[in-house]
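K.L.:
Given next are the chains, with one letter for each unit.
There are 2 protein chains.
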Amino acid sequence: MKSDIRRLSSDAPDFDAQIAALQAPMEVIDPGLVTTVSEIIGRIRERGDAAIIELTQSLDDHAVTDMSDLIFDKQRLSEFEQRISDAERSALKTAAARIERYHQQQLIQDWSIEDEYGSRLGQRILAMSSAGLYVPGGKASYPSSVLMNAIPAKVAGVPDVTMVAPTPGGKLNPLVMAAASMAGVDRVVTIGGAQAVAALAYGTESIKAVDKIVGPGNRFVAEAKRQVFGKVGIDMIAGPSEIFVIADGSVDPKWIALDLMSQAEHDEVAQAVCISPNDAYLDAVAEAIDALLPTMPRRSVIEASLKNRGALIVVEDLERAARLSNLFAPEHLELAVRDADQLLPHITHAGAIFLGAYSSESLGDYCVGTNHVLPTSGAARFSSPLGVYDFQTRTSIIDVNSQGAKALAEVAGTIADGESLAAHAMAARIRVEDPN
Amino acid sequence: MKSDIRRLSSDAPDFDAQIAALQAPMEVIDPGLVTTVSEIIGRIRERGDAAIIELTQSLDDHAVTDMSDLIFDKQRLSEFEQRISDAERSALKTAAARIERYHQQQLIQDWSIEDEYGSRLGQRILAMSSAGLYVPGGKASYPSSVLMNAIPAKVAGVPDVTMVAPTPGGKLNPLVMAAASMAGVDRVVTIGGAQAVAALAYGTESIKAVDKIVGPGNRFVAEAKRQVFGKVGIDMIAGPSEIFVIADGSVDPKWIALDLMSQAEHDEVAQAVCISPNDAYLDAVAEAIDALLPTMPRRSVIEASLKNRGALIVVEDLERAARLSNLFAPEHLELAVRDADQLLPHITHAGAIFLGAYSSESLGDYCVGTNHVLPTSGAARFSSPLGVYDFQTRTSIIDVNSQGAKALAEVAGTIADGESLAAHAMAARIRVEDPN
Numbered sequence: 001m002k003s004d005i006r007r008l009s010s011d012a013p014d015f016d017a018q019i020a021a022l023q024a025p026m027e028v029i030d031p032g033l034v035t036t037v038s039e040i041i042g043r044i045r046e047r048g049d050a051a052i053i054e055l056t057q058s059l060d061d062h063a064v065t066d067m068s069d070l071i072f073d074k075q076r077l078s079e080f081e082q083r084i085s086d087a088e089r090s091a092l093k094t095a096a097a098r099i100e101r102y103h104q105q106q107l108i109q110d111w112s113i114e115d116e117y118g119s120r121l122g123q124r125i126l127a128m129s130s131a132g133l134y135v136p137g138g139k140a141s142y143p144s145s146v147l148m149n150a151i152p153a154k155v156a157g158v159p160d161v162t163m164v165a166p167t168p169g170g171k172l173n174p175l176v177m178a179a180a181s182m183a184g185v186d187r188v189v190t191i192g193g194a195q196a197v198a199a200l201a202y203g204t205e206s207i208k209a210v211d212k213i214v215g216p217g218n219r220f221v222a223e224a225k226r227q228v229f230g231k232v233g234i235d236m237i238a239g240p241s242e243i244f245v246i247a248d249g250s251v252d253p254k255w256i257a258l259d260l261m262s263q264a265e266h267d268e269v270a271q272a273v274c275i276s277p278n279d280a281y282l283d284a285v286a287e288a289i290d291a292l293l294p295t296m297p298r299r300s301v302i303e304a305s306l307k308n309r310g311a312l313i314v315v316e317d318l319e320r321a322a323r324l325s326n327l328f329a330p331e332h333l334e335l336a337v338r339d340a341d342q343l344l345p346h347i348t349h350a351g352a353i354f355l356g357a358y359s360s361e362s363l364g365d366y367c368v369g370t371n372h373v374l375p376t377s378g379a380a381r382f383s384s385p386l387g388v389y390d391f392q393t394r395t396s397i398i399d400v401n402s403q404g405a406k407a408l409a410e411v412a413g414t415i416a417d418g419e420s421l422a423a424h425a426m427a428a429r430i431r432v433e434d435p436n
Numbered sequence: 001m002k003s004d005i006r007r008l009s010s011d012a013p014d015f016d017a018q019i020a021a022l023q024a025p026m027e028v029i030d031p032g033l034v035t036t037v038s039e040i041i042g043r044i045r046e047r048g049d050a051a052i053i054e055l056t057q058s059l060d061d062h063a064v065t066d067m068s069d070l071i072f073d074k075q076r077l078s079e080f081e082q083r084i085s086d087a088e089r090s091a092l093k094t095a096a097a098r099i100e101r102y103h104q105q106q107l108i109q110d111w112s113i114e115d116e117y118g119s120r121l122g123q124r125i126l127a128m129s130s131a132g133l134y135v136p137g138g139k140a141s142y143p144s145s146v147l148m149n150a151i152p153a154k155v156a157g158v159p160d161v162t163m164v165a166p167t168p169g170g171k172l173n174p175l176v177m178a179a180a181s182m183a184g185v186d187r188v189v190t191i192g193g194a195q196a197v198a199a200l201a202y203g204t205e206s207i208k209a210v211d212k213i214v215g216p217g218n219r220f221v222a223e224a225k226r227q228v229f230g231k232v233g234i235d236m237i238a239g240p241s242e243i244f245v246i247a248d249g250s251v252d253p254k255w256i257a258l259d260l261m262s263q264a265e266h267d268e269v270a271q272a273v274c275i276s277p278n279d280a281y282l283d284a285v286a287e288a289i290d291a292l293l294p295t296m297p298r299r300s301v302i303e304a305s306l307k308n309r310g311a312l313i314v315v316e317d318l319e320r321a322a323r324l325s326n327l328f329a330p331e332h333l334e335l336a337v338r339d340a341d342q343l344l345p346h347i348t349h350a351g352a353i354f355l356g357a358y359s360s361e362s363l364g365d366y367c368v369g370t371n372h373v374l375p376t377s378g379a380a381r382f383s384s385p386l387g388v389y390d391f392q393t394r395t396s397i398i399d400v401n402s403q404g405a406k407a408l409a410e411v412a413g414t415i416a417d418g419e420s421l422a423a424h425a426m427a428a429r430i431r432v433e434d435p436n
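Going line by line, the protein sequences match chains E and A. Under full-length UniProt numbering, the first residue of the first sequence is numbered 1, with each subsequent residue one higher. Under full-length UniProt numbering, the first residue of the second sequence is numbered 1, with each subsequent residue one higher.
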């Protein structure tokens, strides 16, 4: 069996065009989708729980009649911890503890400075009051994603975390429910789609509105998040997952083949790319893929993904490989090279960088401690891994004394005059002219 | 002259309904706006500069024929510093220096920890490569906003900052252009609207695409930012400005009247609210507003704003005032009380908190050093003042050694098995079973 992963060379005259074709297709607004989602949101805002039940019956094929069938509190959730195997429970607990320890480092802290007049200026940090987590249903319903979304919120100190997860046909995933319990989620509502996003944003009789919604979903969920942005906070809009590997030939090609395939098995439009100055090594990676493919339960997904968006690319040297990676700002980047620390400074934006032979993406996906919710489709140019900071807010603190107000009154007054805002100018100047 | 600012009391039986009526109206998606903006973005993506020139001619009434008429590089910008008065230049320089000093404190730093196996886990921080600043035209074209948007980007270390600002009729504002020069903006393009957002997001022949777009604008700009989100980063969608003042009666009512009016003069839908346990003090504030109104150049805007959305609210005590403020999570909150530090812990979310009699919002708007781009319409529940952190990205760094890979292989493998992701499981386990 041979995979159809493409082979590219930076020597080729049409190399730039081939690379452009590998980049994520640009999204366009779909007016039909905008309207459909807007109507669903409108139904939830107008009719609350009744609309949730109707939509869950019709869209999720789930014969519920009462909201209490859909809401699992902490007590009901904790029961699922006993419905999974000891090995699974132990693995999830180890992963959760490591994720928590890593994320503790991300807590941002209050700070302040004193200026030359003795005025105090700074920022105060608070946890958000509530958060909603969207966990996809069906084939992408992962307990690891529950840990990755919920733990940062809990480390931040968010007191009230609601998770939603569609359950088509009413089938619960015990691993997902157990992970929610372990991560400290306050309740799970087994609903999904745009209706779940609307319920989290606006609230219903039974579901409390939250301050921020995070987590990936299908295009209805993504569009719903876009539409409720402003009423609540949202995280980035997630695209297909990607891995780029820069390899010098020093790492077992079978390991790299598995890393590429573990990305490819997610999704037919996931992307797996290996870049190397060593053409013979890329041959070995291709052979390892071909040898491993027949053993893969998700073989057809892997084949489709490698054919659609995969590539093995030979370039002149590692620096060129780094520049090529920088062009994509990939979600995951493995530096499968002898001296990864030496190559690291050549890498600009990426979601997560895995250094050396032993840092497989798979460890990052589950248990090393870092977050697996990462910017996709080049969004690492402007956004960051999901973290504790996504659940904390900053407030500016301004404590000016009379000396400071006097020193700054004319500065503020002059600029306000330039902006034709007379009340602003007077508010600054009166504190000098007509003291308390 | 008497203002029509409403008087409310927490004793009133319909107080909750009156408060609900004061909250920001919820936005609904306007399908017509979505389509119009989507078409403008499509024109820019397809025809680039030619579409920019057409739209700037037709929408901005600006008779340009060539892109070079619209682009001001650093050299051309610096000339505007000589076209403003010495007092204006000095005031902007003082403000810029103070804003820069405050924002220096916000730089986030690399960090890493070592786990029990000697693996290194952390985050690397980089500045974004480029940013776009949208500065509104017409009545809301403010040099202070240029400083507030550009300085954090430059403190973060963004090497390439493009500012766009519509210039209806081709009329430049020398203060805005001079502020751009002082803040280190790399170029100003005098275009606006959805077409400017599209040009920054997708690039044209003459305008480089950027990684993130920040800054407020009208509803076309807001909708365009929503549509390009994902291709580029965006900041929050700005709503009307708000000030809440909690007053115990210890601060000159004229000062508070001016603080309320300085918010009201921005916009007919801006909101100015004063909450106090002291009814007689609220009378004095109302009298001060009435006395000052005739002196205000923007009197009609102030009157409309106070009538539409303003309020003087009497409550039983300062803690109730704090709870009321928390319900709104206002953009600006003044604690005009004798002991502001004592009241501060009762305040949860707000954009910026001004402590004591001398901390007027006006100083924060211009020159105290904090940022005046703040979350509006309750968004302080989930977002933060614009800052240096908005122009930095975090990348996860994962450097696992062979011991760590061995210790974690079974944890990752077990969870991957539970998710039916065989390649993930094998990628973790093979590094133990079949070592390099």
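Calculated from the structure, these hints are not laboratory results. Any given hint could be a false lead.
Chain copies aren't distinguished; within one or between two, either way the pair holds.
[What the hints assert, rightly or not] Okay, derived cross-link-like pairs now, SDA-like style, lysine to any residue, Cα gap no bigger than 20 Å in a straight line:
1. K154 with A96
2. K2 with R47
3. K171 with D30
4. K171 with S420
5. K406 with F220
6. K406 with T94
7. K171 with R338
8. K2 with R83
9. K154 with T65
10. K307 with W111
11. K93 with E410
12. K406 with D252
K.L.:
Take the hints in turn and mark each one as holding or not.
P.N.:
Each hint tested on the structure:
1. K154 with A96: Classified as within; 12 Å inside a copy, 38 Å across copies.
2. K2 with R47: neither (54 Å within a copy, 42 Å between copies)
3. K171 with D30: neither (31 Å within a copy, 37 Å between copies)
4. K171 with S420: between (63 Å within a copy, 17 Å between copies)
5. K406 with F220: Classified as neither; 55 Å inside a copy, 40 Å across copies.
6. K406 with T94: between (58 Å within a copy, 14 Å between copies)
7. K171 with R338: So K171 and R338 fail the 20 Å test inside a copy (47 Å) and across (59 Å) alike.
8. K2 with R83: Cα proximity of K2 and R83: none, with 41 Å in one copy and 70 Å across.
9. K154 with T65: neither (32 Å within a copy, 56 Å between copies)
10. K307 with W111: For K307 and W111, neither the intra-copy (51 Å) nor the inter-copy (38 Å) Cα distance is at most 20 Å.
11. K93 with E410: For K93 and E410, the Cα distance is within 20 Å only across copies (13 Å; inside one copy 60 Å).
12. K406 with D252: between (69 Å within a copy, 16 Å between copies)
Consistency note: the structure conflicts with the earlier hints numbered 2, 3, 5, 7, 8, 9, 10.
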